[in-house]
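J.: Chain residues, written in single-letter form:
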Amino acid sequence: MKVENLHKHFLTREGKLEVLKGISFEVREGEFVSVVGPSGCGKTTLLRLVGGLEAPSSGRITIDGKSPDPSLHRLGFVFQEDSLFPWRTVWENVRFGREVRGMEGEREVGELLERMGLRGFECCYPHQLSGGMKQRVAIARALAVDPDLLLMDEPFANLDAQTRWILHQDLTRIWEEVRKTILFVTHNVEEALYLSDRVLVLTSRPARVKRVLRVGLPRPRDKLSVGLVKLRKKVVELLREEVPYL
Amino acid sequence: MVSFSREPFYASLLLLGVLLLWETLSRVVHSAFFPGVGEVLGSLWTLLTKGDMEGIRLHEHTLHSLLRVLGGFSLACLTAIPLGILMGLREGAYRLSKPVLEPVRFIPPLAWIPLVMILLSSYWRYLFVIWLGAFFPLLLSTISGIKRTSPTLVEVSKSFGAGKGTTVKKVVIPSALPEITAGMRVGLGVGWMCIVAAEMMGGESVGLGKLILKYSNIMMVDMMVAGMIAIGVVGLLMNEVLLRTEKRLFVWRREVSL
Numbered sequence: 001m002k003v004e005n006l007h008k009h010f011l012t013r014e015g016k017l018e019v020l021k022g023i024s025f026e027v028r029e030g031e032f033v034s035v036v037g038p039s040g041c042g043k044t045t046l047l048r049l050v051g052g053l054e055a056p057s058s059g060r061i062t063i064d065g066k067s068p069d070p071s072l073h074r075l076g077f078v079f080q081e082d083s084l085f086p087w088r089t090v091w092e093n094v095r096f097g098r099e100v101r102g103m104e105g106e107r108e109v110g111e112l113l114e115r116m117g118l119r120g121f122e123c124c125y126p127h128q129l130s131g132g133m134k135q136r137v138a139i140a141r142a143l144a145v146d147p148d149l150l151l152m153d154e155p156f157a158n159l160d161a162q163t164r165w166i167l168h169q170d171l172t173r174i175w176e177e178v179r180k181t182i183l184f185v186t187h188n189v190e191e192a193l194y195l196s197d198r199v200l201v202l203t204s205r206p207a208r209v210k211r212v213l214r215v216g217l218p219r220p221r222d223k224l225s226v227g228l229v230k231l232r233k234k235v236v237e238l239l240r241e242e243v244p245y246l
Numbered sequence: 247m248v249s250f251s252r253e254p255f256y257a258s259l260l261l262l263g264v265l266l267l268w269e270t271l272s273r274v275v276h277s278a279f280f281p282g283v284g285e286v287l288g289s290l291w292t293l294l295t296k297g298d299m300e301g302i303r304l305h306e307h308t309l310h311s312l313l314r315v316l317g318g319f320s321l322a323c324l325t326a327i328p329l330g331i332l333m334g335l336r337e338g339a340y341r342l343s344k345p346v347l348e349p350v351r352f353i354p355p356l357a358w359i360p361l362v363m364i365l366l367s368s369y370w371r372y373l374f375v376i377w378l379g380a381f382f383p384l385l386l387s388t389i390s391g392i393k394r395t396s397p398t399l400v401e402v403s404k405s406f407g408a409g410k411g412t413t414v415k416k417v418v419i420p421s422a423l424p425e426i427t428a429g430m431r432v433g434l435g436v437g438w439m440c441i442v443a444a445e446m447m448g449g450e451s452v453g454l455g456k457l458i459l460k461y462s463n464i465m466m467v468d469m470m471v472a473g474m475i476a477i478g479v480v481g482l483l484m485n486e487v488l489l490r491t492e493k494r495l496f497v498w499r500r501e502v503s504l
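Protein sequence lines correspond, in order, to chains A and B.
Under the numbering used here, the very last position in the first sequence is 246; numbers go up by exactly one each time.
Under the numbering used here, the very last position in the second sequence is 504; numbers go up by exactly one each time.
Just to be clear, a hint being listed does not mean it is correct.
DEER-style ranges, computed between Cβ atoms [what the hints assert, rightly or not]:
{"id": "1", "chain 1": "B", "residue 1": "R494", "chain 2": "A", "residue 2": "G131", "range": "23 to 29 Å"}
{"id": "2", "chain 1": "B", "residue 1": "S368", "chain 2": "A", "residue 2": "R101", "range": "31 to 37 Å"}
{"id": "3", "chain 1": "B", "residue 1": "R494", "chain 2": "A", "residue 2": "R101", "range": "27 to 33 Å"}
{"id": "4", "chain 1": "B", "residue 1": "P328", "chain 2": "A", "residue 2": "H127", "range": "26 to 32 Å"}
Hints listed in this document are in silico derivations from the structure and should not be mistaken for laboratory results.
C-beta atoms are modelled at their ideal positions from N, C-alpha and C, and glycine is treated no differently.
So that you can see chain A by itself, here it is in the shape it has in the complex (with noise of 0.2 Å):
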């Protein structure tokens, strides 16, 4: 997938909202890229134009060498707010893109419930779960498309602590099970280093890349290990540099 000058302002009653400017980057195959940057940078309209929800108002995306194209295109969303269907199952939900994309097979729906820790919760309906589980439940809907490429949007940020933590060790887990190129937008720096085999590390409005950052440790990885802390410490500098305030 590659992003090239990439440039997308939103006009409102105050006149042109320049939300990016000029970011270019590239995310190989099988590759986890964390996006972070300062709260409102847009990071998440970065990740709606990579997803073709919305046009960029100049530059190019191309994702395979095609523009990106939710019906071409095999894509998986997770959004950070509730966005499970209520009046479907956990298994009617985690069905739901393959019922729009005419994948026939609801084998593969089963393992993926059974991969996100799910068994037993089939049958429930979303009210009845908590939001960790939610969370596991659009991450295995995203996935049961077997989608190109994997598109989330801080999908950790509404949850307790404890709970993202497990799901940090669940997510790197089925990463390096089914090896799919993820883009994840996060604020959360030590869950994108965590996570991630690259950091961008976006300016703030209108936003930029301002830095890449290669994550070299081994998977599973220690919130608390020296590596880890010393990238940390990078990051938030880097972020301090356009939010002084950190």
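With chain A fixed as given, assemble chain B onto it according to the hints.
T.: Same frame as chain A, now just chain B:
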């Protein structure tokens, strides 16, 4: 707070209290035009077993009234729901139609009766008045339900590459269904309330509304009240049936509906 299991007990107590109050009042007023509980219950029994002055029994009246209401109501569903869906989906459609819809909406169905008497005949009169009563609550609920679809859910659908039609079918309509059925309940209730007035203008001698009218002509208040109670009970039962069905269908909701 009243404990859950004790609720039926307290509810019956309340009902008994109201009946007692009624009986007391009727004894105090002591008029032929203010029947007591006993008289009304007696009239109710007569209506059930022997029928009214023409021998038409309660279940026949009820059946005819029900059929009329269900006819008008079905028509309302078939017109209001599709229209509501279309209007809900199209931005600005509701706004545009407001100058036309709003004034009409506020004319009570009852106000249409004189016009209906002139323009339509027999069964069509009932159908129209009841349709009118049920149509607007249904339409508005449907539009509201559609418009209230969570944008996030629509985005989820889009992110999987679903087209507009698929999204409407798989996301928008299921999401709006609870509100649509709530509108159906209200619409049916309004329709049922219109039946009395509607029947008062019709020519047939069957119908719960007609029953009340027949006895009001000869000032037999106990029979009238019996008819009123019958109307209330049937309305209550219909509402209950719909509520139970709703609860069963919408097992995935945890809110309580009235």
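J.: Hints broken by the structure, by number, lowest first?
T.: Hint 2 contradicted; others consistent.
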